[in-house]
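Q: Sequence:
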Amino acid sequence: MKILPSFILLIHWTYTGLDKLIRFQESCRELKNQPMPNVLEEILAYAVSVVELLLALLLLISASRWWAYMGSLLTVFITYVRLIWVGAFPKRHAY
Numbered sequence: 001m002k003i004l005p006s007f008i009l010l011i012h013w014t015y016t017g018l019d020k021l022i023r024f025q026e027s028c029r030e031l032k033n034q035p036m037p038n039v040l041e042e043i044l045a046y047a048v049s050v051v052e053l054l055l056a057l058l059l060l061i062s063a064s065r066w067w068a069y070m071g072s073l074l075t076v077f078i079t080y081v082r083l084i085w086v087g088a089f090p091k092r093h094a095y
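Position one of the sequence shown corresponds to residue 1 (full-length UniProt numbering), numbered consecutively onward.
Don't take every hint at face value.
[Unchecked claim] The calculated label-pair distances, taken between Cβ atoms and stated as ranges, are:
hint: 1; residue 1: 44; residue 2: 8; range: 22 to 28 Å
hint: 2; residue 1: 80; residue 2: 32; range: 20 to 26 Å
hint: 3; residue 1: 2; residue 2: 23; range: 18 to 24 Å
hint: 4; residue 1: 50; residue 2: 82; range: 31 to 37 Å
hint: 5; residue 1: 93; residue 2: 18; range: 39 to 45 Å
hint: 6; residue 1: 93; residue 2: 33; range: 28 to 34 Å
hint: 7; residue 1: 44; residue 2: 11; range: 19 to 25 Å
hint: 8; residue 1: 8; residue 2: 50; range: 31 to 37 Å
It should be emphasised that the hints constitute simulated quantities derived from the structure, not laboratory data. The structure presented is a predicted model; accordingly, all values stated were derived computationally and were not measured. We treat Cβ as the ideally placed atom computed from N, Cα and C, and that holds for glycine.
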């Protein structure tokens, strides 16, 4: 049962990383629509794909699986913070 989370993450990171590389021009175009400095667009276009494939590779090696889990968790957290930053969620007031 311990292998199932690794397998799911492996499939996820491999698919997303390869998809971004295969559709590189479209991925770059989508990235340019994001609110960020123009300098970062091309760097992130390559970096995101490389990080996703690196996480998949780390999941294959049992000695580095813990680091892959931490990288996956950090990626999810950064994505969540970024969504909040760009206003993807409606504001809720605490009373």
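Q: Please go over all the hints and tell whether each is borne out by the structure.
A: So, going through the hints one by one against the coordinates:
Hint check: residue 44 to residue 8, Cβ distance near 25 Å, so the stated range 22 to 28 Å holds. For residue 80 paired with residue 32, a C-beta distance near 22 Å keeps the hint of 20 to 26 Å intact. A hinted range of 18 to 24 Å is violated for the C-beta pair residue 2 and residue 23, which are about 33 Å apart. At about 18 Å, the beta-carbon gap between residue 50 and residue 82 misses the expected band of 31 to 37 Å.
About 42 Å separates the C-beta atoms of residue 93 and residue 18, a value consistent with the hinted range of 39 to 45 Å. Between residue 93 and residue 33 the beta carbon distance is about 29 Å. The supplied range of 28 to 34 Å therefore holds. Here the CB-CB span from residue 44 to residue 11 is close to 23 Å, well matched to the stated 19 to 25 Å. Take residue 8 and residue 50: their Cβ atoms lie about 21 Å apart, and the range 31 to 37 Å is violated.
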